[in-house]
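Engineer: From first to last, the protein sequence lines are chains A and B.
Counting in the numbering used here, the first sequence runs from 582 upward without gaps.
Counting in the numbering used here, the second sequence runs from 30 upward without gaps.
Calculated directly from the structure, the hints in this document are not laboratory data.
A portion of the hints provided could be inaccurate.
Said to hold, decoys possible - The calculated lysine-lysine pairs, modelled on DSBU-like cross-linking and capped at a C-alpha distance of 35 Å, are:
no. : chain 1 : residue 1 : chain 2 : residue 2
1   : B       : K378      : B       : K393
2   : B       : K334      : B       : K378
3   : A       : K681      : B       : K378
4   : B       : K378      : A       : K662
5   : A       : K764      : A       : K943
6   : B       : K334      : A       : K681
7   : B       : K334      : B       : K393
8   : B       : K334      : A       : K662
9   : A       : K662      : A       : K681
10  : A       : K662      : A       : K700
11  : B       : K378      : A       : K943
12  : A       : K766      : A       : K943
What you are looking at is a predicted structure, and each value in this text was computed from that prediction instead of being measured.
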Amino acid sequence: MMHRFLTLLTVLFTALLIQPAAAQDGPLRIEITEGVIEPLPFAVPAFVADNAAAEEAARNIAGVIAADLTGTGLFREIPAKAFISGITSFSSPVQFADWKAVNAQALVTGAVSVDAGGKLVVRFRIWDVFAGQELGSGLQLVGTQDGWRRIAHKVADQVYARITGEGGYFDSRVVFVSETGPKDKRAKRLAIMDYDGANLTYLTDSSSIVLAPRFSPTGDRILYTSYETGFPRIYVLDVASVRRRELESQDGTMSFAPRFGPDGTTVVYSLSRGGNTDIFTMDVGTGRSTQLTSAPSIETAPSFSPDGRQIVFESDRSGSNQLYIMSASGGEAHRISSGTGQYGTPVWSPRGDLIAFTKQSKGRFHIGVMRTDGSEERLLTASFLDEGPTWSPNGRVIMFTRETQGAQGAASLYSVDITGRNLRRVSTATGASDPAWSPLQ
Amino acid sequence: MNTGQIISGAGHISLIAWALFGNLLASEPIPFEVMEVTAISEEQFAAVMATQRTPDAAAEIAAPQAPDMPSEAPALSSQVDTAPEQPAPDAAQSTTPDAAPELTQTAPPVEAEVSDEPPVLEPPQEDMAALVPETTLRPKPRPVERVAPEQVAPPEPDTAVDDVQREEVRPDESAEEQAEESEATAPEEAATEIVTEAEQAAPSKSVRPKARPARAPAPEPAPEPEPTQTAETPPEPSGIEAALAAAAETSEPTSAPTSSGPPLSAGETDALRVAVQQCWNVGSLSSEALNTTVVVGMQMTEDAKPVSSSIRLISATGGSSGATKQAYEAARRAIIRCGARGYNLPAEKYGAWRNIEMTFNPEKMRIK
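Sequences are here, hints too, so could you generate the full structure?
Structural biologist: Shown next, in the form of structure tokens:
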């Protein structure tokens, strides 16, 4: 019996030893779990001008596309001087070997023409160089000749979307408060510009203080607070006609911090009456308002969730400013911020998964994000004064106000990726604060 | 309770009581002497020893001689020292006071030019933090890099030429005594120098290569862009999307030709994994694509290059079709880019890596 057992054991042991040397069946299987995070190299050679009238636009469009993509921090432009071959014809086959040699992983080719009606016609293709394939299909955009920048932004949005898998944000605008003059006598006026600082236009004069502009979900209207009457009042401004009207208000009250709901007909805002501040909603069409909170503490800075079912706001009901979430119809709120410090100006991400906020802790201000349940809080910035975050249309980038210290301190706009990388100053002609990002146009 | 347990219990109790009250565990500190010791250098020690060394005895010491003294006493004088002459200061030189500065008519202050335009604001410098290296009294030697930055396959063992020439011994059934079975000594290399394959003459004829295994037809080239006016036009389904649809329709993974031959060692597999990882760039992927794990299959040429047209998506988990597409394209780029010059794989084991399935799992690279 014992001898048989030992024999069996020996056979099993021998089989285990022999197994690795036996022939392998099926394909070799390996798992890749580590990669690299670095900007993707791309090339945008100048677009081909199909006629003489399109030559200038052909040169400029490629530059704007490259600037858009590079500005994300996710892409790296390969300079034109490194190109081995150029694109002389939109329909000619791409010499992938030449682009592989300069390590261009994505290639954008295009052609521009001006048609008989004076319209600018832009055609473009996006190529995966190493796969030797086109990413998606070619597209054609038609617009006015003055609108060549918008067309370029749209091309960049397509490139961004096809490579990253999420929507772009280049064809969008930013409304903000333009600031001029010394700190103790600063003139403020509403201004609107492309997301990259181009096409700046002023919407109001500087005769009264304006605060907190916010876009409607379609980007055609702007809510803002003005001290025109001496008290803060909420106005709604039509972007196209620059006409404005005051929302319904009650005497002896102060209304501020307005923000559109996702349906575009409801406005949520703060109303201060008798030393107490609560959150209200108002139907823009009828002017009928509804009180959502009634605590003796200060509740302000409300922001709807993208589905319109919930509202995140800040309150000092616990003794310090913290973030709370309640139903869009009011009722009991639950606190989501749990770290040390003071939290404020929460804004719900367009994706619905994150909430951006301002945090003050240990004498420093931060812009941060957290999950909607308050978990996974991450601080993205730190400075003397960072505040007022606003989300890009795709929920990937946050723009905010940064103010420098001292009597000569000035406010300016910055943007940062939600990973905390790619912190950049947004170019503005004057001082700037309180940005609000529009949806894609 | 039996007697043995009672005796054992009593004994233990007695032992514990003795230990507690019988000063078994009490201990007084052992007296010790304290001596102050000063550390000195080798030079100081040598100096101390030099002072304590007995001086060498001189063989003969000459007695000192008294100096010669003059017989007469010197003459003394009492003349008083005269004070040295000091030159008298020239009073005529510095009598005039300093000239007062010439006062001219004070010019009226120039009005400052004040413009209404605000000053141009310099962009504030971003907060920068720099790590200050810790200062140490003595630089530490740099540690030797003991682990190679990349995993490489273990080298083949050197072939040792046996000193004794032996013949092969086979079992002989007719023999009365069976000799121990052993292999014959391998003959030495026929060539006296290494001749690379490139230096050899090309063969006069070669066997016709086998046909490639059948695969899905390649997607047709994309047509010219249609004259649409809006960018919102849904793009035509590309070859990738068709492959995605095919992968979604077929629950069974694509059947790959069966490989055979000895498997790769762990080191060789790791070397391939590291090579692909270096080109797997997930920096431009969306959050959803970073939640998507894709399994990509491919065939390899004998020079260890991936056949681009054979790269296919086998399966995907965790993301939408759009995210799967981005994740697959990033994986495909990694395979092609780093395999452009051929992976470092042993040619003699081609059967083991002719067909490869790579699982790209971005869990560790995910943006939360």
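Engineer: Please go over all the hints and tell whether each is borne out by the structure.
Structural biologist: Against the structure, the hints:
1. K378/B - K393/B: 31 Å, holds
2. K334/B - K378/B: 14 Å, holds
3. K681/A - K378/B: 30 Å, holds
4. K378/B - K662/A: 44 Å, violated
5. K764/A - K943/A: 24 Å, holds
6. K334/B - K681/A: Answer holds: K334/B to K681/A is near 16 Å, not above 35 Å.
7. K334/B - K393/B: 27 Å, holds
8. K334/B - K662/A: Holds - the C-alpha atoms of K662/A and K334/B are around 30 Å apart, at most 35 Å.
9. K662/A - K681/A: 15 Å, holds
10. K662/A - K700/A: Status holds; Cα separation ~31 Å.
11. K378/B - K943/A: Violated - the C-alpha atoms of K943/A and K378/B are around 62 Å apart, more than 35 Å.
12. K766/A - K943/A: Roughly 29 Å separates the two Cα atoms, so the pair holds.
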